[in-house]
Amino acid sequence: MSSGDLIGKQTGGWPAKKRSFDLNEANATKAPDNYSFEGAPPRSIPAPELPFDLHPVPKVITFDCYGTLVQWYEVLLHEIESTLSAHHRTDANAGQILESFSSEAKRMTAEKPHRLYKDILRSGFDTAFRQQGIEPGADEVERIANSPMTMGPHPDVPDALRRLRERYKLAIFTNSDDDLISPTVKHIGVPLDYVITAEQARAYKPSRDLFEHAYRAMGVTADETIHVAMGMYWDMKARHELGFRGIWVNRRGENGNPEWLPYAEVEDVGQAANLLLPS
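Mapping of the sequence shown onto the numbering used here: residues 4 to 282, in sequence order.
Be a bit skeptical, because a hint or two may be false.
[Unchecked claim] Restraint-style ranges between C-beta atoms, simulated for each label pair:
no., residue 1, residue 2, range
1, H81, H58, 40 to 48 Å
2, L119, H190, 15 to 23 Å
3, R146, N258, 30 to 38 Å
4, A141, R211, 34 to 42 Å
5, L245, S88, 41 to 49 Å
6, H81, P116, 29 to 37 Å
7, G98, D142, 20 to 28 Å
8, G136, K62, 47 to 55 Å
9, D212, L264, 18 to 26 Å
10, H81, G192, 16 to 24 Å
11, E262, E227, 20 to 28 Å
12, R219, G136, 45 to 53 Å
13, L280, N96, 36 to 44 Å
14, L280, R255, 23 to 31 Å
[Said to hold, decoys possible] Listed next, the in silico SDA-like pairs over lysine to any residue satisfying Cα-Cα at most 20 Å (straight line):
no., residue 1, residue 2
15, K240, G256
16, K121, V193
17, K121, R146
18, K240, P261
19, K121, G140
20, K121, M111
21, K189, Y76
22, K121, H90
23, K62, S282
24, K62, D226
25, K121, S103
26, K62, L280
27, K240, T224
28, K121, R110
29, K121, D180
30, K62, V193
31, K240, N260
32, K62, E227
33, K240, E270
34, K115, S126
35, K240, E107
Keep in mind that the hints were calculated from the coordinates and are not lab data.
All C-beta atoms in this analysis are idealised placements derived from N, C-alpha and C, irrespective of residue type, glycine included.
Sequences and hints are given; from them, build the entire structure.
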């Protein structure tokens, strides 16, 4: 089965059923006033205390994709910097443009009717560049909008997912489109049992609609899952409101939001796997 065949579907013995961290999140997570997109000096994240609460035993470990599993920030910043270089704008800041896009995306993903994420990427980045006095070409906007298809996994991810697959079913819950996420899933290189997209749910995280759609599609309850994600606003907020277990992957050394506790905090997906696979 190809990676595209997994989108919205299940493999193995499952019953046949239909199926960033950004600066907005920095505000939501009460980041320091002097926070910049490039990041304050990373704070030390203590090793999580074991054991993690594995009762009831989860049937599915669910993951956010962009940022959590694959290199969202690294790829987008590279694409933005390439565009700035082409326009000879050494005075503009790639991080600020990505911040502006994130603000636009947060607004547009909350709107109805549902818009495809590719359209949000196009419109959001076009607006973000223009706010910096840059008029990007249609080809430049399209290149950035398609860049999620090129994103590879963080180095810790493939081994962690392979270890987790020995005990659990694995799923991705993503604010993406089916065709946009399919190549990304292939780049990850580890079979996944479900890939649930915003296109399928007709809703974006942190809306409960995406999560509830996903649980119906997988034939499980929220209590039978643990959600692993980098997004504080997009994922941990929803996790808190819906009351299921979560692990925050704090790759950027940010400050979490205590109002959305309880969640475990780790530095990467490898540490999350250690929590979920105690010896």
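Here is how each hint holds up against the structure:
1. H81 x H58: 40 to 48 Å: Holds, since H81 and H58 (Cβ atoms, about 43 Å apart) stay within the stated range.
2. L119 x H190: 15 to 23 Å: 21 Å, holds
3. R146 x N258: 30 to 38 Å: At 33 Å between Cβs, range holds.
4. A141 x R211: 34 to 42 Å: 36 Å, holds
5. L245 x S88: 41 to 49 Å: Holds - the Cβ-Cβ distance for L245 and S88, about 43 Å, lies within 41 to 49 Å.
6. H81 x P116: 29 to 37 Å: For H81 and P116 the Cβ distance comes to about 33 Å; the hint holds.
7. G98 x D142: 20 to 28 Å: Holds - the Cβ-Cβ distance for G98 and D142, about 23 Å, lies within 20 to 28 Å.
8. G136 x K62: 47 to 55 Å: Given about 51 Å between the Cβ atoms, the range holds.
9. D212 x L264: 18 to 26 Å: At roughly 24 Å between Cβ atoms, L264 and D212 fall inside 18 to 26 Å, so the hint holds.
10. H81 x G192: 16 to 24 Å: Since H81 and G192 have Cβ atoms about 21 Å apart, the given range 16 to 24 Å holds.
11. E262 x E227: 20 to 28 Å: Cβ of E262 to Cβ of E227: about 26 Å, so the range 20 to 28 Å holds.
12. R219 x G136: 45 to 53 Å: Holds, at about 46 Å.
13. L280 x N96: 36 to 44 Å: 41 Å Cβ-Cβ, so the 36 to 44 Å window holds.
14. L280 x R255: 23 to 31 Å: 25 Å, holds
15. K240 x G256: 18 Å, holds
16. K121 x V193: Roughly 25 Å between the alpha carbons, so the hint for K121 and V193 is violated.
17. K121 x R146: 11 Å, holds
18. K240 x P261: 10 Å, holds
19. K121 x G140: Since the Cα atoms of K121 and G140 sit roughly 16 Å apart, the hinted pair holds (cutoff 20 Å).
20. K121 x M111: 12 Å, holds
21. K189 x Y76: At roughly 19 Å apart (the allowed maximum being 20 Å), Y76 and K189 satisfy the hint.
22. K121 x H90: 23 Å, violated
23. K62 x S282: 18 Å, holds
24. K62 x D226: 9 Å, holds
25. K121 x S103: The given pair, whose Cα atoms are some 17 Å apart, holds under the 20 Å limit.
26. K62 x L280: Between K62 and L280 the Cα gap is close to 13 Å, so the pair holds against 20 Å.
27. K240 x T224: 18 Å, holds
28. K121 x R110: 15 Å, holds
29. K121 x D180: Since the Cα atoms of K121 and D180 sit roughly 7 Å apart, the hinted pair holds (cutoff 20 Å).
30. K62 x V193: 18 Å, holds
31. K240 x N260: Holds - the C-alpha atoms of N260 and K240 are around 9 Å apart, at most 20 Å.
32. K62 x E227: 5 Å, holds
33. K240 x E270: 19 Å, holds
34. K115 x S126: 16 Å, holds
35. K240 x E107: Measuring from Cα to Cα gives roughly 19 Å; hence the hint holds.
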